[in-house]
Amino acid sequence: MDIVSLSRWQFAITVIYHFFFVPTTLGLSILIALFESLYVRRGDEVYKQMAKFWGRLLVINFAAGVVTGIVQEFHFGLNWSEYARFMGDIFGAPLAIEALLAFYLESTFLGVWIFGWERVSKGIHLAAAWLVALASNLSALWILIANSFMQHPVGYAIENGRAVMTDFWALLANPNLPYQFFHVFFVGVATAGFLLLGFSAWHLWRDGSKVAEVFQRSFRWAAVSALTGAVLLGLIGHAHGQFLGRVQPMKISATEAHWETAQPADFIVVARIDEKNRRNTFEVKVPKALSFLIYNNFTGEVRGINDLQAELEARYFARYGPASYIPPVTLVFWAFRLMVGVGLLMILLALLAMLRPRWKFLQRAWFLRLLLPAMALPYLAATTGWIVTEGARQPWIVYGLQKVEEAVSPGLTTGSVLFSLIFFTLLLGALTIVAGWLMYRAGTAQPQVAGDVVQY
Amino acid sequence: MILNILWFIFVMILFAGFFVLEGFDYGVGMLLPWLGRKEADRRAILRTIGPHWDGNEVWMITAGGALFAAFPAAYATLFSAFYLPVVLLLAALIVRGAGFEYRNRMNHARWRIFWDWGIFAGSLLAAFLWGVVMGNLARGFAIRADGNYYDGLLPLLNPYALASGLLFAALFTLHGAIFLIRKAPLEIAERAAKAGRSVWLAVLCGLILFDLWTWQTTDILSRPGLNGLPASALAWLALLFTGLALRQRRTGWAFLGSALTILCLITMIFTGLYPRILISTLDPGYSLTITNAASSAYTLRVMTIVTVFLLPLVLTYQAWTYWVFRQRVSVKVEESQE
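Chains as they are written, first to last, in numbering that gives the first Met the number 0: chain A, 0 to 455; chain B, 0 to 337.
Treat each hint with caution, since some may be false.
[As the list claims (entries may be wrong)] When the alpha-carbon atoms are kept at most 25 Å apart in a straight line, the in silico SDA-like pairs for lysine to any residue are as follows: (1) A:Lys51 <-> B:Val330; (2) A:Lys47 <-> A:Asp206; (3) A:Lys51 <-> B:Tyr321.
[Claimed, not checked] Negatives, chain B to chain A, calculated, CB over 10 Å: (4) Leu2; (5) Ile4; (6) Asp115; (7) Glu186; (8) Arg196; (9) Gln215; (10) Leu236; (11) Trp252; (12) Leu259; (13) Thr280; (14) Thr288.
No lab work stands behind these hints: they were computed from the structure. The beta carbon of each residue, even a glycine, is placed where N, CA and C say it ideally should be.
Kindly produce the complete structure, drawing on both the sequences and the hints.
Now the structure itself:
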């Protein structure tokens, strides 16, 4: 494999590891701050137990998020130095602001939260919890400002062969940003919801009538969180798709394996894709549905991959000559279908969890036992979602401005990148397993055994 | 142009802040297996940095981010040139970070011993590698006309840079030992004081060697006009002051002394570099400077406004947390019975 592919794999693998932990922090920090608020306002010790019990999971998860995240901060310099050189004027700023505004806040106040139960007043401790929640989500906002620029560049000019920022506010007002941010935000809400549902269900199932009040209440809160998150992230994702259909039709057409322009266009549910000959050899279709999904009507024209390829090739011919602008269609087509399928399953399960007090058949053990593996669903949806977003942008690293192959560091050797790829994959893989296993232990421990948030 | 100078200073402050703050938690990590003889001791040692290490590490992230935002070309060259050392550095940080948070999650002696050595090795490697990087910054490396470095790992592991790595590791050990004298339970603090006095001597010898070598192989101390000589002299004063304060058991002053030593050492390197950020050993014209590596004036202006608002805020609340956790850590009764 060449250096570009190895670097690509390395970025993909490390960032996917990182994003196992990110949504959990985003959502869980909010739920914990909420529980602690209820404890402070009502003086109800059960809520304090809830905050502390789930806080243990947050701390384990947060540590893994931090250490996997450090890799990303330096990755743009390590493997993608030409990207850093070309795009640094724009891309470095949100990254630095993320650190200044969010990382300091979240790490400092998480320290206060973990070690401060007996040191600071209740009010300050609660404020620390909310600052952690705010800061985590602010960090998501700033990294997505950076990512949105890569997806949909705005507020820039090209000077002396590099992109320079001309309008900071345009970066913040990137029309792609609200979709991406709220999509990720509600992934967090849903992920935390399913995490609490799974472990609460485990306790409800194991301990039956003797189960601690902590888990009964957690289950109810988690069901609300899981359902809200799953429904809203779906709706926002749909709106995002409609936006992309207008501004980056190639992304949508590739995701739908829609090769030929059609008016109206059918929605292909499943297909056997022949990327080489740029067609599908087998399709199951819903007539006119793709037009409806993109335009809310049954008449809109949806341009096919082949037409878009011809148009893009003509547009960038002076710069790149004959070249392909077709993303890896099979990959994004199936990743998207997996994501949507998992998302719908999440909505169904969250709805059932909401209905559990009313419907007798949901109170049986099978449903509770089902919720434990269901914790994996949001992770699967988030990962496949990122594969679609980043995969369907290919061959670009910054849409229309720089290709991935132009972005790689020139001074690297295959050997060193191969080494780091294997090394990071194994190290972060081991870390992910350890973190997941510790979270499983913490989630299935008894609250009284769990003791304090950290046993230093 | 004034903003380019300002950002050179900001980047220096962020790196200095990172080394001053995370320096002591690297040091505590390196001292952990040697000063913590019993499990309860080791827990108490880790509790001294528990609330702080992650906030300290953000200084490194921010320093990297600021370099990226203000001098992207320098960021690009630096981290791609130091590819393998940075990969190892990241691995070291991953292991020690996981160690801090995971060692107490399981009640098995072997599990804890594994992480204790992981914290030790991670802290040592991180301190050493940063020293190697800073040594190479002072010395320069073979940056070519296109701003890239193509010569691989071995030239970066030159004796001068390795010596710099050892000096950083020793200096951070001293800094960590002094932190423990102030924060650890008295029995451990006593051991830390003993360790601190011998490490101080090692740092003294190391600094003599490093300064002479810097004088000989780099222009950091010797170039006419602005150079690192004044800061170097201040580093000497601070280190001697640290030794004196240690002897007199004025631990607060000693901590200030070791912090100032680190600060002056970093200032020495940066003032010696200015206006260069990365020195090319092939041709002075290939060096990356605060003008040819910088972001546009617009970006620098935006970042200046943001930083002027946020950095004082960060300093305030981080200082506040040090005040909240100012008490000496004690050994918990239930832990000492294990």
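Evaluated hints:
1. A:Lys51 <-> B:Val330: holds (23 Å)
2. A:Lys47 <-> A:Asp206: holds (21 Å)
3. A:Lys51 <-> B:Tyr321: The hint holds at about 23 Å.
4. Leu2: holds (13 Å)
5. Ile4: holds (18 Å)
6. Asp115: holds (13 Å)
7. Glu186: holds (18 Å)
8. Arg196: holds (28 Å)
9. Gln215: holds (28 Å)
10. Leu236: holds (31 Å)
11. Trp252: holds (26 Å)
12. Leu259: holds (23 Å)
13. Thr280: holds (15 Å)
14. Thr288: holds (15 Å)
Going through the hint list in order, the structure satisfies each hint without exception.
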